[in-house]
Amino acid sequence: MAIATLDQYIAAVRQRVTYSKTASRTSVAAIPFSLFELAGNPAAGVLAVGNTANGIVPTDATAGYPSINNFAGGALGYLGSVQFGNSVAGRITMWDCLFSAGAYAFNSNVVLTAQPSYSGRVIGGTDFTNTELWVEAVTAFTGIPTVTVTYTNQAGVTGKTTGAISLVLALTVGRMVQLPLAAGDTGIQKIESVVCTVATVGTFNVHVMRRLWTGRVRINNDGDAHDMLKTGLPRVFDSSALRIAVAADSTATGIPEMQFEIVSG
Amino acid sequence: MALSSVANYLSAPKRIITYRKNSGGTGLTAGQYLSLFDSGGSPLNGPLAVGNITTGIVPVAGSYNSLNDGSNGYPYIPLTINSTGQITSIRYSDSTQSKYILVDTLFSMGAFAFNANITGIVSPSWASRAPTANDYNDLEIWFEAVTAFTGIPTIAIDVKDRDGAAVSGGAGVSLGIAPPIRSMIQLPNPSSKGISAITKVTCTVATAGTFNIHVMRRLWRADVKYATGEYVDNYLKLGLPKVYSTSALRVLFAPSGTVAGVQHIEFEVSDA
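Which chain is which? The protein sequence lines are A and B, in order. Residue numbering for the first sequence follows our numbering, beginning at 10 and increasing consecutively. Residue numbering for the second sequence follows our numbering, beginning at 2 and increasing consecutively.
Looking at chain B on its own, in the form it has when it is part of the complex (with noise of 0.2 Å):
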C-alpha cells in the first residue's frame, strides 16, 4: 500500500532507521564521496569487499538484531505492516560540512582486482526492488575502492538495459585519480534505458588495487550545511521514497574539507 492522503501520513505506523557512523578519518579529498560501509557505528561495520566476483549479489537489509550478531553492514527496516514502506522524514547533522547520498543497493560485485577481466556475468535478477515492474531508469553504477590503487584506473562496464538488450561500455572511462581506500566513483552508464543486468566488469591501466562495482537507486541527497547543525528534511523535500523491508540502504558522504566527521541520520519511515 501507498500513502494516499495527509491523513493516511499522520495515521501511518513511523519506524526509525538509525545511520550513526562515528570512525571519522582524515587526509580525505573535499567533495568525493566516500563509502561508510566498513565504518563503525550503527549498523555494525560491514565487509567492504562483497565476496563474490562470478555473479555478483542482491545485498539485503540487516537483521533486528544487526546492532549486535554481526552485521551484514545494512541497516534492519523495521516495516512490519507492509513489505514496503515511504521514506516521510529524514533528521541529519554531521560534525563537519558535508554532504550524502541515500541508496538502495540492489546489486554488488566484488572485490576485483585491478587487472580485472570478467565476462559472461549473469547477475541474480533485482526486479524486485524495483518500483514498479522493469523500473530500471534511475539506477547508477557506482566505483567502490576496497584497497587503495595504484595508477590511474579505466573500468568498462557492459550492461543489459531494461529491455534486457545488450549495451556495451566500450573501453570504459578513467577515474581520474588513484582512488583511495572506500572512494566511491559514480561510473557512466553505457545506457540510457537503465540497467537490469551487469554482463562484464574490466579495469585496466592500474597496477594495484581492487575495487567493488554496485548497482544502486538513489533515494535522496542532502547537503549538511554547516557543521554539526541538524536538518529535517519533510515528505515533500523527500518525494516520498519507496523502500522494501529488504531494501539494503547506504549512505555515501562526502566532506567539504579533509576530515570526516560523526554523521547521525535518522529515517523515518511510514509504514502503511
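If we strip away everything but chain A, and leave its shape as in the complex, we get (with noise of 0.2 Å):
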C-alpha cells in the first residue's frame, strides 16, 4: 500500500512523535551539532556509537531516539508534517539515521567487518541513492582531524573513497561535518574503513543518513508549521532512528522543540 491520495492522507493512521530538548549545547554560526546525548523527549543516548568493528543498525528503540509504533501490515509510513521551534534562530535538520560507526579514535586505522545492512531502510530496498555520509565529535578534538571513509557506493561498487578529507578546524563536542563521496556517487551502500590522522586528540563517529526534512527558525523563540505539501511526504519507517541537528545562527542550539505527524497507510 502507499498514500496516493489526499483522501488516503486524510484517512491514514497517525501518530505524533515529539521531539524536544532541555538542554543547550555550546556550537558554532552556521554548522549543524547534534543533540543526541542532550537531555529531553527522547531522553539522551549515548554520543559514542560503542562499536567500531562492525557498526551497528541504530532503530526507533535505540536509545536517544524517539519511539515510533508499528505500521499496520502493508502500510508505507511517511512524514506527514512537521511543527517546529527554538529558542534560537537557525537551521534545524532531521535525518534517518541508518548506520552508525564509533567512536573512532585520533589516530583510527580500522577495516570494518560484518557490517549489517540497512537495505530495509532504503526505498524499495534497493535504492540506497541519496544517503549521506556525516562525521560527528564525540569528544574534542585536538589539531585538525583528515579523514578517510572508504565505502561501498549506490551501485554496490566497492572500493570507493572520500579521498583525505581535512575537517578544516579541532571539532568540538557534537560537531557534524558531512564527507563528500567520490565523483558520481549519489549515496552509500556500505561503510568499508575509518581512517584518521594528524590530530592528536579526540573521537569521533561515522554515520550513513537519510535527509527527511529541514526547516529554519527565523529568528528568537520563533517557529513554523509545515504541512505534507512542504515535507513532500518523505517514506519513514517503524523502525526509523530520526535524528535531529541544529545549525544555530550564532554559538547555542537552544532549546528546540518539534512535532513530526507520521502516517501510515
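To be clear, the hints were calculated from the coordinates, so they are not data collected in a lab. Hints are not guaranteed to be accurate.
Looking from chain B toward chain A, a few residues come up when the C-beta cut is under 8 Å (computed) [what the hints assert, rightly or not]:
hint	residue
1	Ser6
2	Ser12
3	Lys15
4	Thr97
5	Glu141
6	Lys161
7	Leu188
8	Pro189
9	Ser193
10	Gly195
11	Tyr227
12	Ala228
13	Glu231
14	Val233
15	Asp234
16	Ser257
Think of the CB as a built atom: it goes at the ideal place given N, C-alpha and C, for glycine as much as any other residue.
Two chains, two separate frames, one set of hints: put the complex together.
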C-alpha cells in the first residue's frame, strides 16, 4: 500500500512524535551540531556508538531516538507534517540514521567487517541513493583531523573513497561534518574502512543518513508548521532512527521543540 | 470514527472551542512558557494547585456550563456525535508576539513543596486518552510553578515506560532558574519509550515554592509572528490530531517580550 491521494492521507493512521531538548549545547554559528546525548524527549542517548568493528543499524528502539509505533501490515509510513520551534534562530535538520559506527580515535585505521545491512531502511530495499556520510565529534579534538572513509557506493561498487578530507578545524563535541563522496557517487551501501590522521586527541562517529526534512527558525523563539506539501511526504519506516541536528545562527543550539506527524497507509 | 476523505471532512459537523485569556501580565521572561490555567477568560480560571499529591488525577474537560458554573479550568469539548474528534483548524491571534503549545493534560499532581519527596505513587491510568492502545510515545512531563520559588529547584521524576517497566530519573535535573509563579518548564523524559505512570517526585535545593507535575500530550504549537495579527492553521498543518470528549485542553503561552497580551484561539473540531 501507499498514500497516493489526499483522501488516503486524511484516512491514514497517524501518530505524533515529539522531540524536545531541555538542554542547549555550545556550538558554532551556521554549523550543524548533534543533540543526541542532550537531555529531553526522547531521553538522552549515548554519543559514542559503541561499535567500531562492525557498526550498527540504529532503530527507534536505540536509546536516544524517538519511539515509533509499528505500522499495520503492508502499510508504508511518511512524514506528514512537522511543527517546530527553537529558542534560538537557526536551521533544524532531520535524518533517518541508517548506520553508525564509532567512536573512532584520532589515529584510527579500522577496516570494518560483518557490517549489518540497512537495506530495510532505504526505499524499495535497494535504493541507496541520496544517503549521506557524516562525521560526528564524540570528544573534542586537538589538531585538525583528516578523515578518509572507504565505502561501497549506491550501485554496489566496492573500494570507493572520500579521499583524505581535512575537517578544517579541531572539532568540538557534537560538531557534525558531512563528507563528500567520490565523483559520480550518490549514496553509500556500506562503510568499509575509517582512517583518521593528523589530529592528536579526539574521537568521532561515522554515520550514513537519509535526509528527511529541514526547516528554519528565523528569529529567537520563532517556529513554523510544515504541512505535507512542504515536507513532501518523505518515507519513514517504523524502525527509523530519527536524528536531529541544529545549525544555529549564533553559538548555542538552544531549546528546540518539534512534533512530527507520521502517517501510514 | 476518524476522518477518511476530503468529502468526509467537508461534511463533518464542526464544533468550535473558544479559548480566550485576558489577564495579561508583566515582568515576564521572553520565551519562557507560562500557564494560563488560573487566568481569567474562557474557560474560566481554574485552581493552579492540582490539590492531590498522593496519587494525582486524570483531568477532564469542563462541563457545558463551564463558562458560568465554577469551571475546573478546562474548556468543554462539544463532541455530541462521537466521543472522539479531530482538530481540523485553529484560528488564533494575540495582542503581543508570542508562541503557543496546545496539550491534552493526561495527568496532574501537586502542589508539591520545594522539599517534596513523594515515593510509591500509584497514578491513575490515562490509557483512555492515548490515541491508540499503549501509545504513550509522544507524552511530555512538565513542571508548573504554583507559587514562586526561592532557589533553583532540582526535580527528579521516576516513571514507568509504555511497557510498564520502571525507569529512574536519577538525581534529577536542575531547572536553571528560580521559577516565578506560572512558569512551565518541560522536564526531560527518563525513558525513550513513553510514560505510562509517574512513581516518584522529589524536589531539592530550593528553599521555597510549590509546583505541579503534568503529563501532557502535545497537539499543536504555533507562533504569533506579529502582534495583533490573526493566523489560521488548516488540517494539513495540524495533522488532524485526535481529541476526546474528555480531553483536558491547556494552552501554554510564551511571550516574545516581557508583557503578556490577550490570547484568542478558536479550535475547530470535526465531530466525525
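Quick rundown of the hints versus the structure:
About 4 Å separates the beta-carbon of serine 6/B from the nearest beta-carbon of chain A, less than 8 Å, and the hint is met. At a threshold of 8 Å, the smallest CB-CB gap from serine 12/B to chain A is about 12 Å, leaving the interface hint violated. Hint status for lysine 15/B: violated, given a least beta-carbon distance of 15 Å to chain A, over 8 Å. For threonine 97/B, the shortest C-beta to C-beta distance to chain A is roughly 12 Å, which exceeds 8 Å, and the interface hint is violated.
Here the hint on glutamate 141/B is kept, as its CB sits about 6 Å from the closest CB of chain A, short of 8 Å. Below 8 Å, beta-carbon pairs count as interface contacts, and lysine 161/B has none with chain A, the closest being about 14 Å; its hint is therefore violated. Given the 8 Å rule on beta carbons, the hint for leucine 188/B holds: about 7 Å separates it from the nearest Cβ of chain A. For proline 189/B, the interface hint holds, the least distance from its beta-carbon to any beta-carbon of chain A being 4 Å, beneath 8 Å.
Residue-level restraint check for serine 193/B holds (minimum Cβ-Cβ distance to chain A is 4 Å; threshold 8 Å). With a cut of 8 Å, the hint placing glycine 195/B at the interface with chain A holds, because the nearest CB-to-CB distance is about 6 Å. With its C-beta approaching chain A no nearer than about 11 Å, tyrosine 227/B sits outside the 8 Å limit, and its interface hint is violated. Taken as an interface hint, alanine 228/B does not check out: its beta carbon lies about 14 Å from the nearest beta carbon of chain A, beyond 8 Å.
Among the interface hints, the one on glutamate 231/B is violated; its C-beta lies about 16 Å from the nearest C-beta in chain A, farther than the 8 Å criterion. Nearest Cβ of chain A to the Cβ of valine 233/B: about 11 Å, over the 8 Å cut. The hint is violated. Checking aspartate 234/B against chain A: minimum C-beta separation of about 6 Å stays under 8 Å; hint holds. A least Cβ separation of about 6 Å between serine 257/B and chain A falls short of the 8 Å threshold, and the interface hint therefore holds.
The structure is inconsistent with the numbered hints 2, 3, 4, 6, 11, 12, 13, 14, although it conforms to all the rest.
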